[in-house]
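A.B. asks: Make the full structure from the sequences, and use the hints.
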Amino acid sequence: MTQVAIVGTGQTVHARRRTDVSQAGLAREAVVEALNDAGLTMDDIDSIVVASGPAMFGSVNQPEKWLVDALGARYKPVVRVTSGGGTGLAGALAAVNQIKGGSARRVLVVAYDKLSEGPLQANISTLYDPFWGREFAVGIMGFSAAYWHARMKRLGHTEEAAAMVSVKNRHNSMLNPKAHVKREVTVEEVLASRPLCWPIKILDVPPISDGACAVILAADADAEAITPTPAWIHGISYVGEADNAPDRSMLQSEPLQIAAMKVYKEAGITNPFRQFDVAELQEPYTCFELSYYEGLGFCPEGGAAELIASGETTMEGSLPVNPSGGCMGANPIGATALIRLAEVAMQVTGKAGAHQVKGAQRGVAQAGGGWANLRGVAVVGAEKR
Amino acid sequence: MTLTDTTEVARSSAENMHYMPAQLTIPYTLTPGQATGIFIAELVNKRLLGSRHGDEIIVPAQDFSGSTGEPASGFVEVAPVGEVQAFTTNAKGTLGLVLIDGTTTPFLHKLVGFEPGSLEIGTRVAAIWSESPTGNSVLDLAGFGPIGEAGTFEPKSDPEGLAEPIEQIDYTMTLDFKHAYGAYYGTLFDGVETGRRIRGSKCSKCRRVLLPPRAVCDSCFAPATEWADVADTGTIQASSVVHIEFLGQRKQPPYVYAEIVLDGASTRLIHIVGDVDAERAKTAAAPGARVRAVWSDQHTGSLGDIEHFELIEE
Amino acid sequence: MVNSAQTVLSPSWPDRQHIDLISEAVVRVLKGTGIRIDDVDFVIDSGSDFLDGRSISNCGFLGAMGAHHKEESRVEEDGLWALTYGANKIAAGSASVGLIIAYSKPSESIVSNFWADMLEPFTQRPIGLDHESAAALYGQRYLARAGLVADDLQAVSRRAYRLAVSNAGVDLDAVPDDEAFWSEEVSSPLRRADFARPVDGAVAILLASPDVADQITARPVWITGMGSAIDQHFIAAREPDSLPAATAAAKSALRMAGTDSAKDYDLVELSGASTVGELMVAEAIGLAEPYSAIELYRNETASLNPSGGALPADVIMATGLVRVHEASSRLAGRTDSGDIGASSALVHGTGGFSMQNHCVVTMEVAS
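Protein chains in written order, with the numbering used here: chain B, 1 to 385; chain E, 1001 to 1314; chain C, 2001 to 2367.
Everything labelled a hint here was simulated from the structure, so no lab data went into it.
Using N, Cα and C, we set each Cβ at its ideal position, and we do this for glycine too.
Keep in mind that a hint or two might mislead.
What the hints assert, rightly or not - In silico DSBU-like pairs for lysine-lysine, Cα to Cα no more than 35 Å straight-line:
1) B:Lys153 with B:Lys262
2) B:Lys262 with B:Lys100
3) B:Lys265 with C:Lys2263
4) E:Lys1178 with E:Lys1092
5) B:Lys153 with E:Lys1205
6) C:Lys2263 with B:Lys100
7) E:Lys1178 with C:Lys2031
8) E:Lys1046 with E:Lys1092
9) C:Lys2031 with B:Lys100
10) B:Lys265 with E:Lys1205
11) E:Lys1282 with B:Lys182
12) B:Lys384 with B:Lys358
13) B:Lys182 with B:Lys100
14) B:Lys262 with B:Lys351
15) B:Lys153 with E:Lys1178
16) C:Lys2031 with B:Lys262
17) B:Lys153 with E:Lys1092
18) C:Lys2031 with E:Lys1205
19) C:Lys2251 with B:Lys100
20) B:Lys262 with E:Lys1205
21) B:Lys265 with B:Lys384
To be verified - Covered stretches of chain E (in silico footprint by chain B; criterion: 3 or more residues with CB under 8 Å from a CB of chain B, positions within the stretch not fixed):
22) 1119 to 1125
23) 1201 to 1210
24) 1215 to 1229
25) 1263 to 1269
C.D. replies: So this is what it looks like as structure tokens:
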């Protein structure tokens, strides 16, 4: 069976505001770095998948059409896959299918967002049904805080536990040259920080970033010809959940559990906590990292607070989570999911530099978008399966 | 009542009630990038700049050539005169493709000041500069008009004293919509408006009640063919205390954001819990708390007809 | 492809929401196949946030698409690209049954904004460029080069409307008899009749792997070739009177199908955003020599756009996938118009401002 690998990755240095490049120029920076990493040129690329946040965030409808010029992609297949915050992983899944389906051999996935250019919370509220909820929505933050509150009561995801996520990820960001927020915090500082949507406080929240990420994929011999260190994708899936489905408690993310189950089966994962050496999770708010520990099976339901407190998910623990710093270091929403995937690929190929997890061989990337109803999982390893 | 005849249950009280008008007005601060940033900045100086990409000279200057992807290797200053390659006139005016002297790619802009019928392919034109330039718009060049006495010159490579690129341009995008209520929201909101009656639709398979009502169950994809009354009381499924302020906010913070499952429904409704102190709300308006709708004096046929929800003190 | 279905394509569906149109198409496409929603492994859908008036609009429509707890992705491009995604996914061996959905309700928004907001916002958007003036710039140059005048384009538009009247899937009672529609310049030299008419609707295609397909239908329509290519963004820098990206897309699809020419196909369904656009597509994919496609319309070519094509019914994000529905229905003998004896078809779809992006898919049935 064809196996696809990541053969090159690139990221911009993420920033609060890049006033020196346009949206298209920002995307190009990541692409140039990924091509250099793979030792390829644009001529070698058969097909391009653009993934970005919702188009209204950036004022340009179907922005991939504009990006074509900056990417030098004229006459190539270019398509945009969009799926909210998880869109980068959805884009990578599209690329994997293009390769496995025989439509392309080397596919470039580029994801970006230039969030400094629009009003973020107001824009996020445009997700909601104009008849049902938009008038009372608080971006995605009101919603996320509300379900954290519910999980706090039922699963013990305390404010202290979430604060430890913030402390850990912000600490990890210090060693990531691409991260734009570099400031260590303590649990006490997080707990005392200004509430935005309680229980979410400002130090539970990632920055708003401009940034882009690009990943190049190829299969089997193509991948091995491009790089001595392909990062093999052992499994990848992206699952949706109908927002208005009855009995959605959202204490656990069912689409995440479904995606994880599918991917773990493909990848031969039966004990995720033991089998993964590293994890990159998309935690737009700290509370999500706790929820994903459970959804991904790192610990039993209700065990997340204990897991973060144990220190096992720090750089020194047995399963470092978000060595890059995760979203706390940089959160260009449309690019964030692809950054998670790129970071895992960098880890398992030993290219993560100062935030390298020693000897990492296999890792998991997780992504999500929408109102917690679009969820993706990918398992990446140094060994071909 | 069943939903088989969707046209009959449509919101039919008045023609305009089929639609809910909605406008998204979104303010942006957009960064044009180096080349376009310098191009626009130089228009107030009545200088027209192109970018060089191999053999190509493109006006307006670009960071990258769309033909090849090649980055700009430098700027050229070009004479603000050229030749019309194509044009079209509509109710808003005339647009034309102008090949600026010495360049390889035409520049699309407005053509102004031509007598009807006087414009032809090949007509020579010259820049018309705006009389009130803003310093941050391509419209500081108002367009191209009859050439008159304007002279030309060869493109000058690497012009001196270029302006700094504009870093950001304010821009507002306005999008207008008229969202159809359809049969389901139509019936629901008619009931809400006239009788304060809330109805969902019941799935024929799982028997759960969908609110908002839908034609098919979001989970089973089975028809949801029966109406079911839903109470205006319910249980908070999830809640948070809102402190942030943002564009378009409906209520002054702090207040409680709540996802509420009304009695008789199986899905959530997003609303506000009012009249509760922000600190007390953490426990009193927590998941599991019981709430009741407080109806407004307004009859708009929307969720806004519920002023807010209040806690039912046990 | 084992089945396809669409709603009626109408200038306006005032009493129905997006989800109503979508679920109707999905219910219809499953009907009679023996496939239940639970058998569907994945959903790939096409729609537009800008047309729908909400961000990540797929997110709110998952239930109507039957996508609850399934793999789902939104391709924000014409549904023909969603079809190629789905076909790849099945060819990859990752799944056996997939649902491809595309829809639009342009009647709920201002269509000219949808197009103009695709333009980079610094030099093209502020000057008032819209999709009609862009098509007209192509039109002026194309007509001059081909030695035609605007009246000649009625060979394309009148035929399209005539065929659409007899297409039960298009809400059109009669060929418009309004003189202004045919003759008054909207954006010189083009008239209202030269621009595709936006309509509301949804379309769904059911895809299956060969083993499943053979159980469902005696006449599956096999996808034999797929190709897509995009042109550069700046309208001014594109070729003046031809669509090289459409040529590149067709070349890829024909190579994959192992055929030499678009002329080898019994049936061709094209998407033209304008009359001139349709002529340029016909030439680009090799149905006619450059600047001579008008002859295909002057000498009635029965195999070309028998549905009427995109001009009388442009569902914007779904138009290319509607062409697949039209072509595959004919190949499989599912239409009222009967079996026309076609066993192969080529379908073209387009997206982006002034047809920047092109996709070609070829298909056949066992004869």
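A.B. asks: A separate judgement is required for each hint: does it hold in the structure or not?
C.D. replies: A quick look at each hint next to the structure:
| no. | hint | in the structure |
| --- | --- | --- |
| 1 | B:Lys153 with B:Lys262 | holds (29 Å) |
| 2 | B:Lys262 with B:Lys100 | holds (18 Å) |
| 3 | B:Lys265 with C:Lys2263 | violated (47 Å) |
| 4 | E:Lys1178 with E:Lys1092 | holds (24 Å) |
| 5 | B:Lys153 with E:Lys1205 | holds (32 Å) |
| 6 | C:Lys2263 with B:Lys100 | holds (30 Å) |
| 7 | E:Lys1178 with C:Lys2031 | holds (32 Å) |
| 8 | E:Lys1046 with E:Lys1092 | holds (25 Å) |
| 9 | C:Lys2031 with B:Lys100 | holds (30 Å) |
| 10 | B:Lys265 with E:Lys1205 | holds (31 Å) |
| 11 | E:Lys1282 with B:Lys182 | holds (31 Å) |
| 12 | B:Lys384 with B:Lys358 | holds (19 Å) |
| 13 | B:Lys182 with B:Lys100 | violated (40 Å) |
| 14 | B:Lys262 with B:Lys351 | holds (28 Å) |
| 15 | B:Lys153 with E:Lys1178 | violated (41 Å) |
| 16 | C:Lys2031 with B:Lys262 | holds (28 Å) |
| 17 | B:Lys153 with E:Lys1092 | violated (60 Å) |
| 18 | C:Lys2031 with E:Lys1205 | holds (17 Å) |
| 19 | C:Lys2251 with B:Lys100 | holds (21 Å) |
| 20 | B:Lys262 with E:Lys1205 | holds (27 Å) |
| 21 | B:Lys265 with B:Lys384 | holds (16 Å) |
| 22 | 1119 to 1125 | violated (count 0) |
| 23 | 1201 to 1210 | holds (count 5) |
| 24 | 1215 to 1229 | holds (count 3) |
| 25 | 1263 to 1269 | holds (count 4) |
Hints 3, 13, 15, 17 and 22 from the list above are not met by this structure, while the remaining hints are.
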